[in-house]
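Everything in the sequence shown is counted per my numbering, starting at 1 for the first residue and increasing by one.
For the record, the hints were derived by calculation from the structure and aren't laboratory data. Honestly, I wouldn't trust all of these hints.
To be verified - What follows is a list of derived Cβ distance ranges for each label pair:
| no. | residue 1 | residue 2 | range |
| --- | --- | --- | --- |
| 1 | Ser-227 | Leu-152 | 43 to 49 Å |
| 2 | Glu-88 | Glu-230 | 38 to 44 Å |
| 3 | Trp-220 | Arg-27 | 28 to 34 Å |
| 4 | Leu-152 | Asp-212 | 34 to 40 Å |
| 5 | Lys-70 | Thr-173 | 54 to 60 Å |
| 6 | Gly-84 | His-278 | 25 to 31 Å |
| 7 | Glu-28 | His-278 | 49 to 55 Å |
| 8 | Gln-181 | Glu-218 | 25 to 31 Å |
| 9 | Pro-136 | Gly-59 | 23 to 29 Å |
| 10 | Glu-154 | Ile-214 | 28 to 34 Å |
| 11 | Ser-227 | Glu-154 | 28 to 34 Å |
| 12 | His-278 | Ala-83 | 19 to 25 Å |
To be verified - Only pairs whose alpha carbons sit at most 20 Å apart, straight line, appear in this in silico PhoX-like list of lysine-lysine:
| no. | residue 1 | residue 2 |
| --- | --- | --- |
| 13 | Lys-70 | Lys-24 |
| 14 | Lys-239 | Lys-210 |
| 15 | Lys-24 | Lys-67 |
Note that the Cβ used here is the ideal one computed from N, Cα and C, for glycine as well.
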Amino acid sequence: MGVVTLGYDGSPESEAAAAWAAEKSVREDHALHVVYAWEWSPYSLALTDAKTERRWVEGLPRQAASKLAKRYRGLTVTGERIAGPPAEALVAHSRDSEMVVLGSRALSGTHGFLVGSVAQSVAARSDRPVALVRAPTHPSDSSEAGLSPTPLAERREIVLGIDHSAGIDGPLTVAFHEATQRGLAVRVVHCWRPHGIAAVDSGVLRDDRKADLIHEEEEWLDDIIHSWAEKFPEVKVIKDAHLGRPADHLVHVSHQASLLVVGRREGRHGLVGPQLGHVAHAVMHHAQAPVIVVPER
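Whenever a hint applies, use it, and build me the whole structure from the sequences.
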């Protein structure tokens with residue numbers, strides 16, 4: 001039995017993440033561990049009743065675990081408060097987990113989702129796949145004007161975004177595993193922009209050249225799909241080779257997806273530590289489905 005780690009803080013988005021994590025745990029016979037990471041500071045203690053605050057902090061993950069155990073029959077679930085800076089504590093605590101699950105909340109209007117600094121840091125640093133689950137939104141909300149997303153429960157595809165990087169086995173494994181467990185199809189998306197970005201945007205490329213570029217990439221994608229379809233014969237695979245901006249296309253197809261899976265390349269470091277790439281960052285903020293970010297190795 002593996003363990004799914006849920007980062008929980010009592011917010012609506014973490015409640016949505018809790019339901020998603022519990023369903024995954026029951027479906028795959030994993031234990032669920034609910035954690036609340038909290039770093040005490042002299043400033044916070046000076047403003048609050050320390051004993052009351054500590055009781056609330058200690059009780060929050062255990063109360064959540066108790067609620068989930070009552071709601072999901074057969075779920076093995078525990079709760080724990082862990083100490084330290086939240087992102088670092090969650091990353092360290094979840095090293096032996098099958099997956100880390102966190103929440104993200106909708107912004108007002110149609111501007112996407114707010115992925116907090118903790119979730120971004122965990123997604124950039126974790127050795128394990130990190131799932132970001134959206135809080136429920138109003139049916140009319142959409143990041144694309146005039147587009148009404150299919151209700152999540154009715155969607156029958158898992159979208160997987162891949163490119164030519166050497167570490168795509170991780171995202172492929174996660175996507176096909178999730179599809180097998182859920183009885184869904186996998187849409188394998190390979191979207192790219194050739195050298196000379198302006199040519200694609202301005203329509204300068206001739207139609208025959210575009211067709212040649214797409215054919216070359218489709219052949220590569222066919223090879224990938226063939227090898228993974230042999231490993232997972234029960235999974236329907238949909239090929240989606242697209243000339244354009246990867247992040248934009250993945251966000252677009254996410255409106256009909258039950259789940260979106262992307263990779264995170266190792267070795268990206270900024271001034272404040274590991275950083276997410278542009279595509280992973282964009283889909284985390286704008287995809288209209290839960291997103292799993294998988295470290296590529």
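Hints versus structure:
| no. | hint | in the structure |
| --- | --- | --- |
| 1 | Ser-227 / Leu-152: 43 to 49 Å | violated, 30 Å |
| 2 | Glu-88 / Glu-230: 38 to 44 Å | holds, 41 Å |
| 3 | Trp-220 / Arg-27: 28 to 34 Å | holds, 33 Å |
| 4 | Leu-152 / Asp-212: 34 to 40 Å | holds, 38 Å |
| 5 | Lys-70 / Thr-173: 54 to 60 Å | violated, 33 Å |
| 6 | Gly-84 / His-278: 25 to 31 Å | holds, 30 Å |
| 7 | Glu-28 / His-278: 49 to 55 Å | violated, 31 Å |
| 8 | Gln-181 / Glu-218: 25 to 31 Å | holds, 28 Å |
| 9 | Pro-136 / Gly-59: 23 to 29 Å | holds, 25 Å |
| 10 | Glu-154 / Ile-214: 28 to 34 Å | holds, 30 Å |
| 11 | Ser-227 / Glu-154: 28 to 34 Å | holds, 30 Å |
| 12 | His-278 / Ala-83: 19 to 25 Å | violated, 34 Å |
| 13 | Lys-70 / Lys-24 | holds, 16 Å |
| 14 | Lys-239 / Lys-210 | holds, 17 Å |
| 15 | Lys-24 / Lys-67 | holds, 16 Å |
Hint compliance for this structure: hints 1, 5, 7 and 12 are broken, all remaining hints hold.
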